[in-house]
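**Q** What follows is each chain in one-letter form.
Protein chains: 4
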Amino acid sequence: MKPGARIKKIPKLSDVQSRRDYRRIGITKVGVKGLRYPILVLDRQNGTQHTIAAFNMYVNLSHRERGTHMSRFIEVLNRHRGEVNLKSIPVILDDLVKKLKAESAHLEVEFPYFLEKAAPVTGAKAMVFYTCRYLASTVGQSASPRSRAGAPPRKDFRVEVEVPVISLCPCSKEISRIGAHNQRSLVAVRVRYSGFFWIEDLISLVEESSSAPIYSLLKRPDEKFITEQAFARPRFVEDIAREVASRLRRDPNFTWFKVEVENFESIHSHNAYAYVEEGKAIE
Amino acid sequence: MKPGARIKKIPKLSDVQSRRDYRRIGITKVGVKGLRYPILVLDRQNGTQHTIAAFNMYVNLSHRERGTHMSRFIEVLNRHRGEVNLKSIPVILDDLVKKLKAESAHLEVEFPYFLEKAAPVTGAKAMVFYTCRYLASTVGQSASPRSRAGAPPRKDFRVEVEVPVISLCPCSKEISRIGAHNQRSLVAVRVRYSGFFWIEDLISLVEESSSAPIYSLLKRPDEKFITEQAFARPRFVEDIAREVASRLRRDPNFTWFKVEVENFESIHSHNAYAYVEEGKAIE
Amino acid sequence: MKPGARIKKIPKLSDVQSRRDYRRIGITKVGVKGLRYPILVLDRQNGTQHTIAAFNMYVNLSHRERGTHMSRFIEVLNRHRGEVNLKSIPVILDDLVKKLKAESAHLEVEFPYFLEKAAPVTGAKAMVFYTCRYLASTVGQSASPRSRAGAPPRKDFRVEVEVPVISLCPCSKEISRIGAHNQRSLVAVRVRYSGFFWIEDLISLVEESSSAPIYSLLKRPDEKFITEQAFARPRFVEDIAREVASRLRRDPNFTWFKVEVENFESIHSHNAYAYVEEGKAIE
Amino acid sequence: MKPGARIKKIPKLSDVQSRRDYRRIGITKVGVKGLRYPILVLDRQNGTQHTIAAFNMYVNLSHRERGTHMSRFIEVLNRHRGEVNLKSIPVILDDLVKKLKAESAHLEVEFPYFLEKAAPVTGAKAMVFYTCRYLASTVGQSASPRSRAGAPPRKDFRVEVEVPVISLCPCSKEISRIGAHNQRSLVAVRVRYSGFFWIEDLISLVEESSSAPIYSLLKRPDEKFITEQAFARPRFVEDIAREVASRLRRDPNFTWFKVEVENFESIHSHNAYAYVEEGKAIE
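Protein chains in written order, with this note's numbering: chain A, 1 to 283; chain B, 1 to 283; chain C, 1 to 283; chain D, 1 to 283.
Looking at chain A on its own, in the form it has when it is part of the complex (with noise of 0.2 Å):
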């Protein structure tokens, strides 16, 4: 048969997923995992900018049905024609659990996100690349409005960013005649919020608390500012999220985050790790 051929004669197959399960197990989390699908996000400085996102969308299945229907997740991205921001992200949860017929969802979605930078001194011009992630929920949502008189359902959503920076090693600074090891860091930030805001406004934040920021493009003057800079705030790991996180509890938007910042250190070739938490956290 060529495909697509006789597309009007397909026949009526049975529905294996849906049905009876007698186990008595409820699946908290089935569907598809690691799609990659290009998107559209929001992007301060030109409006939009496309990317392209490893997606994983899963839903809950109820005890008595044995399997979900994953063609649907693709459905429901589909219909959303790839624009994904924090707007249309509870409408994906939504019809992910009306397609599915589930009473909650799940939705991760990573990207990368690039901004141009210009340089310290030079200002000659850059894309520098973030990963970013949404992570997003709904639970105890009904199909089927009447079903749950009162309990609304709990919804949750995260954006997640990760920002490379440098940062300096203040005990070597100090301990050393000369010179000082540094390296590369990562700094992962993510935030439960209250209202929109921009991924921009969270790397600057991000880099303002490391020795120094990273950048693709560097001429000499913009090489010899960002040494002098990084000597200049040496950093320790437990440093670099102290004071992300000074800087987070100071934006009333955002109500709860977490940061972990890793450390390539030059001298190990083990990393270095902090962690810090605050908020109300509903996970």
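Take the hints with a grain of salt, since some may be wrong.
Just so you know, same-sequence chains aren't split out, so a pair can sit in one copy or run between any two.
[Unchecked claim] With a straight-line cut-off of 27 Å between C-alpha atoms, the simulated DSS-like cross-links for lysine-lysine are:
#1 Lys87 with Lys99
#2 Lys98 with Lys125
#3 Lys117 with Lys219
#4 Lys155 with Lys87
#5 Lys99 with Lys155
#6 Lys155 with Lys12
#7 Lys12 with Lys101
#8 Lys12 with Lys87
#9 Lys219 with Lys99
#10 Lys155 with Lys125
#11 Lys219 with Lys155
#12 Lys117 with Lys155
#13 Lys98 with Lys12
Simulated from the structure, these hints should not be mistaken for laboratory data.
Fit chains B, C and D to the supplied structure of chain A, relying on the hints for placement.
**A** Same frame as chain A, now just chains B, C and D:
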């Protein structure tokens, strides 16, 4: 200066880490991450097994101190000469608390574990690889025993193993005139337990829950056997999760578990995923 | 100093890279690796496609000079505003040679490429992900055209695409009473070519050579179709390599090719692999 | 049927792989990839070292035969009981040729190797991790010795080791008022050799060529030493490549080498890279 030459005249250097910090932010976890180290684990068949682990080791840090002492994590590990098992892990945690003057400690150890498996018909033997993890923590412990009269530390020990298996799709089998799509799946089981148990038993439990186990060495009669076994035991990603969960339920030694199943779908380039959790979680 | 503030008074800094080196060791390749950058590629269906690439860009370095100028690689890339395709690549190479005052240049670009595919029976559409690579080099070129009268530079352009497919084992099918093990496979085809061609055609060629193509969205009638198609076209890893090779042989536009097939065996946790190469290699 | 139960009545099953193929396409390499197996390697300090390898093992396949026999690769490996070293590798290759009735065989073995290193001032000891590879092949060998009178097989043995080191930027040091950016770098050295040598010596050679070696355990006086050592030995990615190359040149045991240096630049999120190759390549 030649390495090690003037070892007796080591100067006293300032301890920047121990200085007072005034930001009033305690660090939940700080330490070393991704440290590769050779270890010795218990093996039911051979007594012990040499393997290579990736370690994450963290302690908390009081809001009063600026930094932890990273080198002490390695010293604690060295003292145990690589012996990492259900008995030594609580001692390692205690050592971390004492040596780092902390109140909590966290240990995450990931390592490959090998079992010799005999093929189902010919009995041909070969080693099969499983990824294992020990995850342990003690929270709220006190270095000086008097300071916290009453409240005992909250200890938490978990073991995880990832077991590759075959899954054969029940829907594909039922609706197709002939054949059924099948694929490699990875089942990750994490348990909390009251008493000692063998990883080997957890692996068998998972393999029995799948369409068929995998092997490193199969001769033709074995391949025939496995193909027919998988065809006779079609399992969705949800089925495998439920089968594993119902077997774990029956063993009172497991006080809590979570099961994750991921199918590397042969018909897609994304994966199917199911997750079940049960028991008294204290994470 | 505030970033960008005194842009007009940038001091003249010494150019350490341009200093004479006396070790008499030329560097074959030096440059930037793993640079993530947004690019625009050609797309038969939609004209162009936004995607995100990982770039390696290298030049040679004469034994007389100490270092290359890393920032210039980014400047060359910026000048092309992310347009990377079979036409722009030779120009990028020439720009690298000129801007870096080198005699050879190498460009490696890896990017995800998406095609909208219709399911074989229902025609349901969704995007499918393929990893593509452009590999290009020019060797023995001269910045000052007079210096090397005669010998023209040796240019080399290759395109690679990785296509996920299904493979169903002919041995398992023949020896088993029922069923046959099958799995996701990855076919990597690299070609040298005389004229322009579409990646889309290379992808189709590979899919026709496999047991069955993969899709992102399949409804039940499609799943039935694919399952039966794979069962009707059993293929060893060697069969797929040979099928791809014999199709490539017939197209005179491909002057050289290599085919790598890797089966993520459902019955093992290691993979099966086959490699065929043919044509006038100039690598 | 219970596993292993009827081992004596194993039926004779058809050998699909051995059937004649008519596509007239020989397979250059076919076999198993990514097989994890425990091995025993030589260790200068302790005699032997237990480690865990990832194996790729391939043979060629005549255009006349449809498939190779994958299980035999595992059987060959089993016969050597995991002993993999410069002496056993040629024997493994010969066994692959014989057992698979091939004319060429290829072996690629990657494994972590640990050295106990003493910190440069305090002498504190800890294990440091290095990735090693054995790459070996025999081409044009004959299973039946008479068939190819004259032409001896072309054998090729290479050893590779990846050594993490510190690199400190000479440009940053010279142009900055104070400090210099530095980072973790990875140096991969691959050699062809005439006689036996210790991986330990290759590691030392690389460490001497860098700004400073890395360690797993450093106390404060060691950190001071390393910081100052790196500041006193600034090295570009090109410098490290040249230093390694000039040391390798001086050792007549190395008939060919390639050196790759990759700096995980602290000031960028992409890497700097240099590559030098020298000697009689027969690859």
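**Q** Tell me, which hint numbers fail for this structure?
**A** 6, 8, 10, 11 and 12
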